[in-house]
Amino acid sequence: MRTSPLVFLFQLVVTLLAAAFLVVPAVTSILAGVTVNYFQGLRSGLTLDWVAQVWGLYAPTIFRSIAIALGTLCVTLLIGVPAAWALVRKPSRMTRLVEEIVTLPVAIPGLALALALILAYGGIRAFRASDAFILVGHVLYTLPFMLRSVMAVLAGVNVRTLEEGAASLGASPWQRFAQVVVPNARPGILAGSLMVVTLSIGEFNLTWMLHTPLTQTLPVGLADSYASMRLEIASAYTLVFFLMIVPLLLAIQFAGRERRTIQRKARP
Amino acid sequence: MTSADRLARLMLLPLGAFVLAFFLLPLVRVVMVAGQGPNGASEYLSVLTNARHFSTLLSTFLLSAGVTLATLAIGMVVALFLVRNRFWGRSFLVSLLTLPLAFPGVVVGFMIILLAGRQGLIGGLTQSLGMGKLVFAYSMAGLFAGYVYFSLPRVLVTLMAAAEKLDPALSEAARSLGAGRFALLRDVTLPGLAPALVASGAVAFATAMGAFGTAFTLATRIDVLAMTIYTEFTLAANFSSACALSLALGLITWGVLAATRSFSGSGVAAAG
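Sequence order for the protein chains is A and B.
Note that our numbering has the first sequence beginning at 15, numbered continuously upward.
Note that our numbering has the second sequence beginning at 35, numbered continuously upward.
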């Protein structure tokens with residue numbers, strides 16, 4: 015049935031309005047960050063002064079966020095990849111329970127998780143005041159994404175058979191994990207890693223509670239600039255954030271497409 | 035037990051230790067603190083018994099339900115349009131619509147300020163049309179717009195994937211049996227999309243119930259649960275109340291996600 019012109023027009027208008035709703039403010043923010051005076055508009059000229067000011071004011075938050083994101087990635091890889099294999103290889107009621115508990119933090123608001131961490135460990139001053147406190151929160155929140163991503167790939171490639179093959183050739187359990195399981199999990203590890211880094215760099219709900227004035231991250235600095243800086247600086251800071259996050263997002267989408275194509279080809 | 039089983043068990047240890055130390059024990063602490071306030075164990079139910087908390091719960095719930103319905107309605111129209119039509123620039127449009135996926139709540143709050151704030155685009159537009167300056171960013175309406183902004187890209191991704199898997203033969207059959215446009219939508223398209231609608235709707239709902247960043251950026255006075263927990267904890271230092279409300283909120287978001295997951299197979303992760 016050909017769509018009636020009216021229905022088509024309605025769908026088109028809704029789609030364009032939705033796109034405008036999402037894109038216009040983002041573009042406005044990018045432009046405001048490089049405009050001399052936002053209220054006079056682009057006529058007032060373009061400048062990188064605001065970006066330079068952001069750099070002067072907030073550069074430490076940018077480096078801290080990158081460091082915490084990479085640290086979070088390391089921990090989630092070290093904890094998550096071996097655990098994903100262990101959970102996938104022999105599914106039982108026990109492994110399902112473990113999986114359920116481990117993915118629980120995704121379903122609970124970050125604010126509540128942060129509150130729990132503060133009540134339990136806030137008294138340990140050195141820990142509370144360090145970046146490690148934020149790192150723990152980020153690992154708690156991103157670990158399920160790494161686990162799920164790796165588990166999904168491992169469940170798809172049928173690790174058991176591969177492992178048995180390797181075992182029949184005399185490979186030790188550790189060799190099987192390192193040389194058979196990990197290489198086969200690579201697409202999942204890649205997708206999970208991109209997800210973990212993206213989420214960690216943008217994390218605010220937990221981090222706002224966990225940070226101290228000396229451990230501000232990028233999103234915490236953003237909230238600070240939205241509340242207390244002129245619009246151009248807030249926009250320039252947001253622009254810096256976009257420059258960090260958008261390549262990561264594009265990489266996630268690209269990796270996802272790649273994986274789907276592989277899966278489609280693999281299907282008979 | 036084979037040596038591989040032993041290795042597997044060993045490899046679960048770090049995960050178990052981390053989750054025990056930084057999730058389960060802190061959770062126990064929250065449960066304890068919630069019951070040790072001036073109101074004792076009755077604090078656990080304060081979200082229902084305390085009139086102020088209950089009205090906050092109600093307004094958060096209504097806001098989240100509204101956000102969910104609006105996002106699903108917009109998302110379904112856009113997803114069906116993008117899946118059924120091929121045109122020049124389509125994949126670019128899809129990229130634009132899904133790009134905000136990576137924006138955290140704080141940034142979304144700023145987007146709403148730029149759109150509907152004191153110096154916002156909408157206000158400028160209505161002013162130049164002689165209707166006065168329309169400013170709604172710093173209120174429940176702004177939060178509503180913010181959560182739709184936050185959830186729309188996520189909902190779209192899920193719905194588009196589901197719409198692509200709809201079997202065209204089903205609609206062909208329905209049409210050949212004389213189904214009209216509306217009947218087709220109601221009896222074929224909607225049931226086909228139902229699992230995706232439920233899954234993505236649940237995530238949108240849970241996010242709107244528990245998110246904090248957007249509300250924090252827009253205004254500290256907005257009366258939603260996350261803001262109440264934040265002010266009780268940091269400003270009023272009313273720990274038992276903050277803990278009890280956190281437990282209630284966590285139970286609600288987890289419950290919604292768990293219930294819909296068993297309905298629709300696998301859930302989509304919430305982020306924000």
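Bear in mind the hints are in silico, worked out from the structure with no lab data behind them.
Every residue gets a Cβ at the ideal spot worked out from N, C-alpha and C, and that includes glycine.
Just to be clear, a hint being listed does not mean it is correct.
What the hints assert, rightly or not - Some chain A residues well away from chain B (every beta-carbon gap over 10 Å; in silico):
hint, residue
1, Val21
2, Thr61
3, Gln67
4, Ala126
5, Ile138
6, Leu183
7, Gly184
8, Arg190
9, Arg200
10, Thr212
Unchecked claim - Covered by chain A, per the in silico footprint, the following chain B stretches (three or more residues, Cβ under 8 Å):
hint, stretch
11, 94-104
12, 125-137
(request) Check each numbered hint against the structure and report the violated ones by number, ascending. (result) 1, 4, 8, 10, 11
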